[in-house]
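Colleague: Read off the chains here:
Number of protein chains: 4
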Amino acid sequence: MAMATRRRTPTQERSRRTVERIVDAAAVVLADAGYDAASTNRIAAQAGISPGTLYGYFSGKDEIVAAVIDRVVDGFAESVAPALREAAGQPIEPATRLVLDAVLAEVEQRRDLIAAFIDRVPAERYAARVDALRTRVADVTFHLVAASIPAADRDELDRAVWTSVRTVEHLTVRFALAQPFERDAFLDLLTGMVVGLAPPSR
Amino acid sequence: MAMATRRRTPTQERSRRTVERIVDAAAVVLADAGYDAASTNRIAAQAGISPGTLYGYFSGKDEIVAAVIDRVVDGFAESVAPALREAAGQPIEPATRLVLDAVLAEVEQRRDLIAAFIDRVPAERYAARVDALRTRVADVTFHLVAASIPAADRDELDRAVWTSVRTVEHLTVRFALAQPFERDAFLDLLTGMVVGLAPPSR
Amino acid sequence: MAMATRRRTPTQERSRRTVERIVDAAAVVLADAGYDAASTNRIAAQAGISPGTLYGYFSGKDEIVAAVIDRVVDGFAESVAPALREAAGQPIEPATRLVLDAVLAEVEQRRDLIAAFIDRVPAERYAARVDALRTRVADVTFHLVAASIPAADRDELDRAVWTSVRTVEHLTVRFALAQPFERDAFLDLLTGMVVGLAPPSR
Amino acid sequence: MAMATRRRTPTQERSRRTVERIVDAAAVVLADAGYDAASTNRIAAQAGISPGTLYGYFSGKDEIVAAVIDRVVDGFAESVAPALREAAGQPIEPATRLVLDAVLAEVEQRRDLIAAFIDRVPAERYAARVDALRTRVADVTFHLVAASIPAADRDELDRAVWTSVRTVEHLTVRFALAQPFERDAFLDLLTGMVVGLAPPSR
DNA sequence: TATGAATGAGGATTCATTCAT
DNA sequence: CATGAATGAATCCTCATTCAT
Numbered sequence: 000m001a002m003a004t005r006r007r008t009p010t011q012e013r014s015r016r017t018v019e020r021i022v023d024a025a026a027v028v029l030a031d032a033g034y035d036a037a038s039t040n041r042i043a044a045q046a047g048i049s050p051g052t053l054y055g056y057f058s059g060k061d062e063i064v065a066a067v068i069d070r071v072v073d074g075f076a077e078s079v080a081p082a083l084r085e086a087a088g089q090p091i092e093p094a095t096r097l098v099l100d101a102v103l104a105e106v107e108q109r110r111d112l113i114a115a116f117i118d119r120v121p122a123e124r125y126a127a128r129v130d131a132l133r134t135r136v137a138d139v140t141f142h143l144v145a146a147s148i149p150a151a152d153r154d155e156l157d158r159a160v161w162t163s164v165r166t167v168e169h170l171t172v173r174f175a176l177a178q179p180f181e182r183d184a185f186l187d188l189l190t191g192m193v194v195g196l197a198p199p200s201r
Numbered sequence: 000m001a002m003a004t005r006r007r008t009p010t011q012e013r014s015r016r017t018v019e020r021i022v023d024a025a026a027v028v029l030a031d032a033g034y035d036a037a038s039t040n041r042i043a044a045q046a047g048i049s050p051g052t053l054y055g056y057f058s059g060k061d062e063i064v065a066a067v068i069d070r071v072v073d074g075f076a077e078s079v080a081p082a083l084r085e086a087a088g089q090p091i092e093p094a095t096r097l098v099l100d101a102v103l104a105e106v107e108q109r110r111d112l113i114a115a116f117i118d119r120v121p122a123e124r125y126a127a128r129v130d131a132l133r134t135r136v137a138d139v140t141f142h143l144v145a146a147s148i149p150a151a152d153r154d155e156l157d158r159a160v161w162t163s164v165r166t167v168e169h170l171t172v173r174f175a176l177a178q179p180f181e182r183d184a185f186l187d188l189l190t191g192m193v194v195g196l197a198p199p200s201r
Numbered sequence: 000m001a002m003a004t005r006r007r008t009p010t011q012e013r014s015r016r017t018v019e020r021i022v023d024a025a026a027v028v029l030a031d032a033g034y035d036a037a038s039t040n041r042i043a044a045q046a047g048i049s050p051g052t053l054y055g056y057f058s059g060k061d062e063i064v065a066a067v068i069d070r071v072v073d074g075f076a077e078s079v080a081p082a083l084r085e086a087a088g089q090p091i092e093p094a095t096r097l098v099l100d101a102v103l104a105e106v107e108q109r110r111d112l113i114a115a116f117i118d119r120v121p122a123e124r125y126a127a128r129v130d131a132l133r134t135r136v137a138d139v140t141f142h143l144v145a146a147s148i149p150a151a152d153r154d155e156l157d158r159a160v161w162t163s164v165r166t167v168e169h170l171t172v173r174f175a176l177a178q179p180f181e182r183d184a185f186l187d188l189l190t191g192m193v194v195g196l197a198p199p200s201r
Numbered sequence: 000m001a002m003a004t005r006r007r008t009p010t011q012e013r014s015r016r017t018v019e020r021i022v023d024a025a026a027v028v029l030a031d032a033g034y035d036a037a038s039t040n041r042i043a044a045q046a047g048i049s050p051g052t053l054y055g056y057f058s059g060k061d062e063i064v065a066a067v068i069d070r071v072v073d074g075f076a077e078s079v080a081p082a083l084r085e086a087a088g089q090p091i092e093p094a095t096r097l098v099l100d101a102v103l104a105e106v107e108q109r110r111d112l113i114a115a116f117i118d119r120v121p122a123e124r125y126a127a128r129v130d131a132l133r134t135r136v137a138d139v140t141f142h143l144v145a146a147s148i149p150a151a152d153r154d155e156l157d158r159a160v161w162t163s164v165r166t167v168e169h170l171t172v173r174f175a176l177a178q179p180f181e182r183d184a185f186l187d188l189l190t191g192m193v194v195g196l197a198p199p200s201r
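Top line first, the protein sequences correspond to chains A, B, C and D.
Every letter in the first sequence is one number past the one before it in numbering that gives the first Met the number 0, and letter 2, counting from 1, is 1.
Every letter in the second sequence is one number past the one before it in numbering that gives the first Met the number 0, and letter 118, counting from 1, is 117.
Every letter in the third sequence is one number past the one before it in numbering that gives the first Met the number 0, and letter 199, counting from 1, is 198.
Every letter in the fourth sequence is one number past the one before it in numbering that gives the first Met the number 0, and letter 201, counting from 1, is 200.
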């Protein structure tokens, strides 16, 4: 998924590094101080550049934040894809668990940054981008299961997918943040919920 | 749940009305414009008082926002309690559905305000207060079910309760905001998920 | 003519004084440093108030500048009116000279401020307001002379008025700024030009 | 009139073209957007060069603007000269009209650029250069008429020249911008004013 | 208590200019 | 010569909060 539109297209190597530094810095500042305190000047300072440079690449604060989210969102696509491939052909329960494990692992890895977004960034600043991911996941899930479901149950499947995606997203994130009990037990529970939601197959 | 600590205790009737007006105004402004745009001056203007007066009743912006949340949170206690009483003695499935229906109804009623908080207020501004409610709900749920569960399964029950509370909260809110399909179908689905999480009773 | 729209209506005496101080300060800064250098912070500093206060009364830099011009423009209305009254009934030549003398006197009095506007403020910032004055002056001039002119010459009168107003305005200001020769000689010259422009009376 | 001092003398052909492109671009941007919005970066972009290159030819923004004015000013010298030659030997009235026509034509041709300067550029940025032209015009006018005037009237001639130059400049520009009535009528009026200013010849 | 004028630190953003490549 | 990335001081403006009246 594309990074935010850039004012200056980074043709030179130096540009590319600068963009990286800005996004890195923004992630750090967001995690440390939250959205409100993440002023452009502060992000620039953290990146070791001048405030003006920032505006060579981003049109403003929101675009920088968007780039940080894009990075997280892109991470999911990349890290869940292998699990999806591995799961293909396996029975539904182990397949589901495999994928959920990958999702949870990715969340765990970005834990601090995700925590910062959840706690300190108003959702309207990033909802659109996360929603795009959500839609993609829902589409994939739907088509994975649709084949083995009678056409009459498509509506039920739609509802199950909506519910699953929301449930997995929320519980995964909350579990990673709070870690209220053991990882395996959580994955078992979550797998059971998701599998239980699927309409009876043919 | 207590209102935020006030600088002046509103012993007099007029004071109480002023507090109401401020909280009302804050709810309106938050729903209309979000947290960032909800300046104290704007809230005061909406309430028809001067900015200075505001500080006679609240120590600052965050305390006003807290009072708005408290009102929402208190609403739940009040409106779910009757359903809880009615559910007592009924079989688990209809009982659960009854309570979930009440929860959903309350969310639906506060839809705009909840949407404003979810979308536009950084969670750290209100997380503590919602967490307190969450804990209370978890406690009640735990004790309601604990009696019919073997002591050995207490850990499993803990996990099921954590998962249920998080799931119900999230799905209920998201369903009320998006209304992606029919209400009854949703309640059926959600009831099934929650009941399915309960450890096998004795 | 009205001052620029104010955000805060100066009900209290203190407000009125603050507005005065801001407009005074803006005039000083404009005359000293020009439009570009007349930052809101600098105007505030000159006025001995904080930058925020400024925005309580004016929506921004342009509105402050407009208030300064309004003051100058209003000055003309007030100071030329007596001359107009005195001129009524006199023959055209002494009457014209009387009015031009009053105009020049007023320009001379505001010399520094007018110089600052002419030299250092882009005209688009104040053209509209000066144009309003110009239109009023043209209207008055037209009606003063129209009575003694055959209806057939109205077009010619229109042209003469347009030319007179522009000529008087420009020469008066430039003369006051440069003072290239004696005041009396200038008034004689200018009176001759203006009287010469008038279409032949009945 | 000389171009502004350059950092590098454009001995080479390519350099000369670059300078042209910069001045062209500056004229376009000034006419389109005014002085404030005419940033060096924007001028460079319009010229199709990089901001750095600009500083190879001009010491800064003001020097670029000066070059644009010089071009306008030089245009006058070139386009009024033929009219002056043609007017020589003719009676004063048709001669004056001929020259004024040429002046007006030149203003009309540069209408947009002149409008941009008048409306949107603080006069102090270009006053010196226009003043140089004004002085030259005044000198020429003085010597043209001086021969036929008694020496005793030299002071009067001085005053008439000052007034004429200012009047012609201002009315010509304002007429071209506003076009409030017919061109011929304007030239008649203006010619009459100027001729009327001349001291009685011997 | 209520008022509302005043505060002032801090935020987002721009742009003339420089300099390493 | 040209490039274009980088600079950083300076600008306009906001808003939570205070305090004299």
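Note that these hints are calculated values from the structure, not bench results.
The beta-carbon is built from N, C-alpha and C at its ideal position, and this holds for glycine as well.
Some hints here could point you the wrong way.
[Claimed, not checked] Here are a few chain C residues that face chain D, going by a calculated C-beta distance under 7 Å: (1) 76; (2) 119; (3) 158; (4) 169; (5) 170; (6) 176; (7) 178; (8) 179.
[Unchecked claim] Below, simulated EDC-like cross-link-like pairs (lysine to aspartate or glutamate); rule was C-alpha separation at most 16 Å, straight line: (9) A/60 / A/92; (10) C/60 / C/92; (11) C/60 / D/35; (12) A/60 / A/123; (13) B/60 / B/123; (14) C/60 / C/123; (15) C/60 / C/23; (16) D/60 / C/73; (17) A/60 / B/23; (18) B/60 / A/123; (19) B/60 / B/35; (20) B/60 / B/23.
Colleague: Indicate, hint by hint, whether the structure satisfies it.
Modeller: Structure-based check of all given hints:
A distance limit of 7 Å between C-beta atoms decides the matter here; for residue 76 of chain C the minimum to chain D is near 22 Å, and the interface restraint is violated. The beta carbon of residue 119 of chain C comes within 5 Å of a beta carbon in chain D, closer than 7 Å, and the hint placing it at the interface holds. Hint status for residue 158 of chain C: holds, given a least beta-carbon distance of 5 Å to chain D, under 7 Å. Checking residue 169 of chain C against chain D: minimum C-beta separation of about 4 Å stays under 7 Å; hint holds.
For the restraint placing residue 170 of chain C at the interface with chain D, the shortest Cβ-Cβ distance is roughly 6 Å, inside the 7 Å limit, so the hint holds. Here the hint on residue 176 of chain C is broken, as its CB sits about 11 Å from the closest CB of chain D, past 7 Å. Because the smallest distance between the Cβ of residue 178 of chain C and any Cβ of chain D comes to about 11 Å, over 7 Å, the interface hint for this residue is violated. Hint status for residue 179 of chain C: holds, given a least beta-carbon distance of 5 Å to chain D, under 7 Å.
A distance of roughly 43 Å separates the Cα atoms of residue 60 of chain A and residue 92 of chain A; the hinted pair therefore is violated under the 16 Å criterion. In summary, the hint linking residue 60 of chain C to residue 92 of chain C is not supported, as the alpha carbons are separated by about 43 Å, beyond the 16 Å threshold. Only pairs whose Cα atoms come within 16 Å are accepted, and residue 60 of chain C paired with residue 35 of chain D is accepted, the gap being roughly 14 Å. The hinted pair formed by residue 60 of chain A and residue 123 of chain A meets the criterion: a straight-line CA distance of about 14 Å does not exceed 16 Å.
The suggested pairing of residue 60 of chain B with residue 123 of chain B holds, with an alpha-carbon distance near 14 Å, which does not exceed 16 Å. Only pairs whose Cα atoms come within 16 Å are accepted, and residue 60 of chain C paired with residue 123 of chain C is accepted, the gap being roughly 14 Å. At roughly 14 Å between alpha-carbon atoms, residue 60 of chain C and residue 23 of chain C fall within 16 Å of each other, so this suggested pair holds. Taking the CA atoms of residue 60 of chain D and residue 73 of chain C, the gap is near 37 Å; set against the 16 Å cutoff, the hint is violated.
Using a Cα cut-off of 16 Å, the hinted pair residue 60 of chain A and residue 23 of chain B is violated, with the two alpha carbons roughly 32 Å apart. For the proposed pair residue 60 of chain B and residue 123 of chain A, the alpha carbon gap of about 21 Å is over 16 Å, so the pair is violated. Annotation: proposed proximity of residue 60 of chain B to residue 35 of chain B holds, straight-line Cα distance about 11 Å (limit 16 Å). With a C-alpha separation of about 14 Å, the suggested pairing of residue 60 of chain B with residue 23 of chain B holds against the 16 Å cut-off.
Hints 1, 6, 7, 9, 10, 16, 17 and 18, counting from the list given before, are not met by this structure.
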